[in-house]
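Could you build all of it, start to finish, from the sequences and the hints given here?
Respectively, the protein sequence lines represent chains A, B, C and D.
Residues 5 to 147 in the working numbering are what the first sequence spells out, letter by letter.
Residues 5 to 147 in the working numbering are what the second sequence spells out, letter by letter.
Residues 5 to 147 in the working numbering are what the third sequence spells out, letter by letter.
Residues 5 to 147 in the working numbering are what the fourth sequence spells out, letter by letter.
Relax, there's no trap hidden among the hints.
Because identical chains share one entry, a pair is satisfied inside a single copy or across any pair of copies.
List time: in silico SDA-like cross-link candidates among lysine to any residue, alpha-carbon distance up to 20 Å:
1) 50 x 22
2) 50 x 99
3) 50 x 100
4) 50 x 94
5) 50 x 95
6) 50 x 19
7) 50 x 28
Simulated from the structure, these hints should not be mistaken for laboratory data.
Note that the structure is predicted; figures quoted are calculated from it, not measured.
Protein chains: 4
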Amino acid sequence: MSDQASVLAERCSAALHAHDYCAQAMGMSIVEVGPGHAVLRMCVRKDMLNGHATAHGGMLFSLADTAFAHACNSHNRRTMASAASIEFVHPAVEGDVLLATARCVQQGRRSGVYDISVCRDDGTTIALFRGRSLSTDQPVLEE
Amino acid sequence: MSDQASVLAERCSAALHAHDYCAQAMGMSIVEVGPGHAVLRMCVRKDMLNGHATAHGGMLFSLADTAFAHACNSHNRRTMASAASIEFVHPAVEGDVLLATARCVQQGRRSGVYDISVCRDDGTTIALFRGRSLSTDQPVLEE
Amino acid sequence: MSDQASVLAERCSAALHAHDYCAQAMGMSIVEVGPGHAVLRMCVRKDMLNGHATAHGGMLFSLADTAFAHACNSHNRRTMASAASIEFVHPAVEGDVLLATARCVQQGRRSGVYDISVCRDDGTTIALFRGRSLSTDQPVLEE
Amino acid sequence: MSDQASVLAERCSAALHAHDYCAQAMGMSIVEVGPGHAVLRMCVRKDMLNGHATAHGGMLFSLADTAFAHACNSHNRRTMASAASIEFVHPAVEGDVLLATARCVQQGRRSGVYDISVCRDDGTTIALFRGRSLSTDQPVLEE
Numbered sequence: 005m006s007d008q009a010s011v012l013a014e015r016c017s018a019a020l021h022a023h024d025y026c027a028q029a030m031g032m033s034i035v036e037v038g039p040g041h042a043v044l045r046m047c048v049r050k051d052m053l054n055g056h057a058t059a060h061g062g063m064l065f066s067l068a069d070t071a072f073a074h075a076c077n078s079h080n081r082r083t084m085a086s087a088a089s090i091e092f093v094h095p096a097v098e099g100d101v102l103l104a105t106a107r108c109v110q111q112g113r114r115s116g117v118y119d120i121s122v123c124r125d126d127g128t129t130i131a132l133f134r135g136r137s138l139s140t141d142q143p144v145l146e147e
Numbered sequence: 005m006s007d008q009a010s011v012l013a014e015r016c017s018a019a020l021h022a023h024d025y026c027a028q029a030m031g032m033s034i035v036e037v038g039p040g041h042a043v044l045r046m047c048v049r050k051d052m053l054n055g056h057a058t059a060h061g062g063m064l065f066s067l068a069d070t071a072f073a074h075a076c077n078s079h080n081r082r083t084m085a086s087a088a089s090i091e092f093v094h095p096a097v098e099g100d101v102l103l104a105t106a107r108c109v110q111q112g113r114r115s116g117v118y119d120i121s122v123c124r125d126d127g128t129t130i131a132l133f134r135g136r137s138l139s140t141d142q143p144v145l146e147e
Numbered sequence: 005m006s007d008q009a010s011v012l013a014e015r016c017s018a019a020l021h022a023h024d025y026c027a028q029a030m031g032m033s034i035v036e037v038g039p040g041h042a043v044l045r046m047c048v049r050k051d052m053l054n055g056h057a058t059a060h061g062g063m064l065f066s067l068a069d070t071a072f073a074h075a076c077n078s079h080n081r082r083t084m085a086s087a088a089s090i091e092f093v094h095p096a097v098e099g100d101v102l103l104a105t106a107r108c109v110q111q112g113r114r115s116g117v118y119d120i121s122v123c124r125d126d127g128t129t130i131a132l133f134r135g136r137s138l139s140t141d142q143p144v145l146e147e
Numbered sequence: 005m006s007d008q009a010s011v012l013a014e015r016c017s018a019a020l021h022a023h024d025y026c027a028q029a030m031g032m033s034i035v036e037v038g039p040g041h042a043v044l045r046m047c048v049r050k051d052m053l054n055g056h057a058t059a060h061g062g063m064l065f066s067l068a069d070t071a072f073a074h075a076c077n078s079h080n081r082r083t084m085a086s087a088a089s090i091e092f093v094h095p096a097v098e099g100d101v102l103l104a105t106a107r108c109v110q111q112g113r114r115s116g117v118y119d120i121s122v123c124r125d126d127g128t129t130i131a132l133f134r135g136r137s138l139s140t141d142q143p144v145l146e147e
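This is the structure:
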């Protein structure tokens, strides 16, 4: 990938994150981003636990979905998720540090498929997410 | 459904919600619960928005997933989500009041399938969620 | 629904089936079709079994997918499946008569969501299918 | 992987295929199989076309599902699909030669997640399949 594409991906990511109040409130940080891929980090807090004392499925989904957004908006085309599925593999608990790694599996003219894995920092797979994206003709970055 | 089953569903729901710090932090309330079904309510706050200024997919998923949990734990068997899929139909925005309605489509000995719709209070469909559950042999309620 | 819409649905269905060599080869028959819904019937043959001596998942999917096609093409707009998921609930065996019932859950301008249940003729649920459709601007019926 | 594991995978695959009347009727051949992975080949015939003159989604699913079966049964534990999702990327037409490549993404004690890509022999992605497996305690091979 060219440096130009990498710089564009980083600018789109920064623009997204600046208005992503949800990701900010959840304490997500962007570890790495590039054309079609992204890595995000989040620590499981007490207010992210469900009634079974494990990380709420919605919190795992939110992390994966945000990594997906950074990956699929990296070419400066405003892109939304149209659908997603998630497989819960292993429960996460309070204090766990999670990494979501998103990669583009397939990108067509408008729709794409992205795979995101959510792992604990010791490498244990927590969840597997697959998202379908739909791109608009609008840019992510304002001129 | 008997009154007894309804009472049990309400007790399981209350026990779940008491420890569901995530649902509490998101301001979810339980509108209705019964054997195999549940209705939850949540208002979209600013800290639930993504970088496109709409409700974060993860927040819609969290609401649906929580309604799913109340429906599939209603028979006093500790039950987890093993997988889920979501279709995003219409964006929600700040201030929208959302209702997630969960119903059991199929319940086997251990695994079940539940459908959850997320609608705005004017009836507009926001998202459609389908979850697969896996039941343990443990009760939800402590003796 | 008006009679006109029902007649249109039946004409679209007949046009689809006339060229659906796969559905014909599998012995599917159209039990009922209307605007946004369809019921198809198929008997599980020996050449539809997998290595575990049960109906091949692909054969159950094919039946559901075909019912989906009849339901989502019923308004005379050429419509394709963009994605689908299936939950396998109960195995089917040779000789089982299966009914796939498709209904529209949500239909937007271009994309829609349809639910299809596959049941044995005694009412046992065999599989649950959810499909996402994408409509073109072309008609199903040639003028 | 040891030679022993590879030999076992091939024996399980041969045993499955010998009774997979559906895969045989569809003309599938096993190109390669090993522990947790498999590659299958199929040519799109006229009796695999749908009403839009493209390969029926159910036929693409059947090919992917069969590759999935060979991959997840490769350790001599009888394993079934509990659920699957498929994304349709590009239509296939009569005469296309398709390859389905299955790989294990995650395997737990009983349940696993497998990804299968269906590509045309020129490398074009036709469909992406993700399957969830459930293993029994029974062997694939009879003693």
